[in-house]
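Residue numbers (my numbering), protein chains in the order written: chain A, 1 to 557; chain B, 1 to 310; chain C, 1 to 305.
Any given hint might turn out to be false.
Okay, derived cross-link-like pairs now, EDC-like style, lysine to aspartate or glutamate, Cα gap no bigger than 20 Å in a straight line [said to hold, decoys possible]:
no.	chain 1	residue 1	chain 2	residue 2
1	A	50	B	231
2	A	391	A	445
3	B	176	C	13
4	A	469	A	383
5	A	470	A	454
6	C	153	A	190
7	C	46	A	490
8	C	6	B	183
9	C	7	B	180
10	B	58	A	199
11	A	552	A	407
12	A	117	A	95
13	B	202	C	193
14	A	91	A	490
15	C	159	A	513
16	B	118	C	193
17	C	153	A	513
18	A	345	A	523
19	A	108	A	352
20	C	7	B	183
21	C	46	A	407
22	C	161	A	107
23	C	251	A	557
24	B	176	C	41
25	B	76	A	490
26	A	444	A	383
27	C	6	B	180
Distance ranges between label pairs, derived from CB positions [to be verified]:
no.	chain 1	residue 1	chain 2	residue 2	range
28	B	16	C	72	17 to 25 Å
29	A	57	C	265	36 to 44 Å
30	C	144	A	241	30 to 38 Å
31	A	190	C	147	18 to 26 Å
32	B	68	C	294	55 to 63 Å
What the simulated footprint calls covered on chain A by chain B, stretch by stretch (three residues with Cβ under 8 Å from a Cβ of chain B suffice, anywhere in the stretch; the number is not a length) [claimed, not checked]:
no.	stretch
33	60-73
34	529-543
No lab work stands behind these hints: they were computed from the structure. Bear in mind that the values here come from a model prediction, so they are computed numbers and not experimental data. Every residue gets a Cβ at the ideal spot worked out from N, C-alpha and C, and that includes glycine.
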Amino acid sequence: MKRLLSVLLVCAMVLSMGLFSAVAEEAPMTIDVYDAAANYAGIQSGWFAKVIKDRFNIELNIIAPQVQGNEVYATRAQDGNLGDLIVVDKKDMSDLLDAGLVRDISDKLPECENIMKFKVQIDAYNKGLTGEDGVYYGIPSEMTDTSPTSITDDVIYSSPMIRWDLYTEVGRPQLKNLDDLLDCLKAIHDIHPTNEDGDPAYPFTLWRDWDGNDNMLGIANVVQLTTWYGEKLKQSAILKPDNTFTKVYDRDAAYYKITKFLNKAYQMGLVDPESGEQPWDDVANKLSTGRADLMWYSWETGFWNSVDRLNAGTGFIFIPVEDMYFYADADRYFGSDRMFGVGSKVEGEKYDRIMEFLDWYASPEGATFQHCGIEGLNYTVGEDGKFVPYKDNALMDNLPVPEEYGEGGYNDGNNQINQWIVSSLCVNEITGERFAQKYWQSYKDMTMTDMKREWQETFDAEDSVDYMKKHNQLLASPSVDFTPRSDDNDIAALRVDVNTQLCSYTWNLIFCETDDEFEAMWDEMTEQLNGFGYEQLYAYDCETYQPEVDAKLAVTE
Amino acid sequence: MSKEKNLGGVQLDKSFGDRVISVLTYVIYAIFAFVCVYPFYYIFINSISANNLSERGKVIFYPMEVHFQNYINVAKIPGLLNAAKISVLRTVIGTVLTVIVAGFLGYMFTRQTLWRRKFWYRFVVVTMYFNAGIIPWYLTMDKLGLTNNFWGYIFPTIVQPFYIILCKTFCESVPKELQDAAEIDGAGTLRIFFSIMLPVIKPILATIAIFAAVNQWNSFQDTLLLMTSTDKLNTLQYVLFQYINQANSLKALISSTTSSSQLAATLARAATATSVRMTVTVVVVLPVMMIYPFFQRFFTKGIMIGAVKG
Amino acid sequence: MQLDPKKRRSYQEFLYILPFILLVGVFSYFPLYGWIYAFHDYQPPKPIGPETFVGLKWFQYIVSNPVRTADVLRVLRNTFAMSGISLLFSWFPMIFAVFLNEIKCKPYQKFVQTVTTLPNFISWVLVFSIAFNVFGSNGAVNSVLMDAGLIDKPISFLKSKDHLWFKMWLWLTWKNAGWAAIMYLAAITGIDEQMIEAARVDGATRMQIIRHIIIPSILPTYFVIVMLNIASFLSNGMEQYYVFQNDFNRKYIEVLDLYVYNYARSSIKNYPLSTAISMLKSIVSVILLAITNTASKLIRGDGFI
């Protein structure tokens, strides 16, 4: 009865809505996108929706486990239909294949010219998946057109960066090791205890929001800095420069070194007391108001280094420390950790349109929309056909899009798939330059400043990567086709235990008042981690990542 | 002994003790009220102050560099109007059904004549403590055809044990003679409920109405999990949740894609997750506060049971 | 054959409630089949089956080694502490309502009543961001204290574990008291005013009226709420603790719901574990409900369910 009533009412509702749309034109085909990368759930709207509707007459309905919860994965899998277009972590792919949730796309993929520019990578990936040649199930994401060993970036993901004017003011000291770096920062803190508004500034302002992310256990701020000494966390294990693994609590490894470094900074009064209690939002705010004197992620500089500040010489820039040996991932030639696939229930017309869409997605036009935005809004085209940055605030200020793209703000209509096939490092056939703005000549001209020239003279290098290469301080880890296996239930639970303990202890270690306390707590941590079963997790992770290490060795040899 | 007089509804307290209590009561409630009002005031002034000042925690006592951009941005969210319509619909329909059912079941469970009354009451009450998990819940809703269906908002919320308990407790406090008299007149169960009990239990129904309405008004989780193939059933809270979520992920986006040098300058002006959240809070609470006095009458002004009893 | 009228009425009344019993069956009982996930190594997208059955593994997991058991006991200690404090002060909203009712200036009463419900509408995330701006190490309170020279180092209110349980209770009360008081206000409205009038004529003071008429009248509501709270002793919810937790106070703030959430959030593979714990919680709650009901029968002569 109730059911009947509900059916009737829904019919009425659907009918009344249908009336309006039926008059207009052929309704767009809805593509369900199961998207592990999306931060938005629902129908794609705005300018990007218009772009794809005009071309393929489709609309995207995005299902986002990051928003809707992990359970949505289980419930949809149970229905036997994850989605029409699937964007998932590579490590889940073999499970999906076993469950028959992904479609074989071998018939259509070879015809997709734009995607097949990455044939080497796609072949390697699918061969690893099925063991057969010419059988295609998935397309890796964010592949580059460079090589597995090249580093295109002029700055690596993590390195110490200090404001040039402050560094100059304390006499541009030569830094031999972490202790020198602390002394330098101490000197900076003494002359720069607050920002211009009088709010306290510290060299170190830390946050906890990202702890345990990116396949690395432990607190994000520490695990990133381990790369300064050539060591990289693979989940619970540390990969050393000699390609062997060691335990995270090993006192000879970088996790200890960096934790100790931060503790020393704390004891010297260089750590923001709000570290560890502040959410990331507040950190972002501090970065953009000059309340942090040291930055260590390359993208962090975006919060401060405006053109004006670069011209005034107050921008953040890499300052070398002699004993460092930087671990850096090479260009992700084989792509990132996610992949695109097509759902097993997709047939006929829908299948055609999805493949057409994907090929366009990887085309110069499609990739330009993703990486450069809209002409006349985000960039203009110069006389030489190359792009010139235009309204940089289109995203942040949600600027209205040009009329031909419909209504709404730029950010509202931004592509919600949030994952691309073509990396922004690839060369755009339209311009002959890379997609990413920072490689445009026009952008380089805009940002060439006295500060940069001064830096180049001081350190006798083109940029930070150039400096590292010259001084043999760079360990480039080649890109390989590797997918870690997915955890079983026991390991998944154990991982939570170990990560929670590790993070908790590390934070408290950083805030130890004395060295003795620090050492005692480190012992306690070791004991606790082992008590929870760290050894088991460590063994599992070593076994998981050994193939990756072997593959990398094969490339470099 | 002092006799009190009722002068136009205002009580004159003569006893010294009473007066001390009066004064204390006024002061303590004033403090409590301040503690409750201030954060909301704080949220409001921050939502209309320059976002960069508000982010830095500079806006504490009065608004600074007043602007309404945050509100304009919220008003511009696509699909806002339809979402508001759905929210109002689910709130009204859901609340009416929940309240009537709670009142009715609450009353029925006080009736000694009901077949296996205790068993069924317990059958309903223990479900308060059940938590089956999201997966079976979703699959159940799916089997019933309640996914991507407006009634998915309504049916699961109709029987709410807690409200039924509240109603039952209230019904028990109603003098027995009231029902007995009707019973002797030969009135049926339903008639007793509708014509005699319903008017008497209004205060508790108003309370439940407030609770149920606010729950309906505030929920977005069900939209998130159940209404995945349509955006016609989005609720206001869901749309606003997405909006906040977007603002949050904007910050995350910075880490991955941007290389813009003017970012810092624009970041200061851009709506931030916190200011967005504050604006949304004001937008959501205002309608509730506007209809609140309507319900408030029922539970702050006593209805004269004596008068009903006659 | 005729049923005797009494029986007939009794069945008839049951028919009235039957539709709602069915709703409860469908929406609350039927989904309980999902508890079987607690007995499997569930790895979506693979469905569960005989080969994934692991028996009581996930129930034993929490006591599978001494360190983890100690950890779970710590979590339970926090849960008991938070629930215990809440229970201990559960009379607060009632007293709040009683004295609010005593305010004779109606506009003031309505004002207080309205504004004290406001915090209920502020999400915990926002509560924390206000708390951070007011009580953070660089927040308003610390600035004032520092400027006044009362302290020379900021007090980390949010990091410190001192009085943490009580502070959490304060936040919770601030957020909920006004809202919960509505129930008692409704109960007070149900009191026969003639009774109060009569007492007043007899010269009863205000406190006497409160003690002898008002409180006894709303006590049944209070009792029911206390009983229900006892039964949900293990459920504190997680939002509040989630926003206030950091790695310095985690040992004291982590309650069972938050503990489970940490697993569930991390990976869908932990679904069996979280299902096992929530199943245990449901069972404990129902047992507690039975116990309190029996206790209530013994003490008050009447059970509440």
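Tell me, in ascending order, the numbers of any earlier hints that this structure violates. Structure breaks hints 4, 11, 12, 16, 18, 21, 22, 23, 24, 25, 28, 30 and 34.
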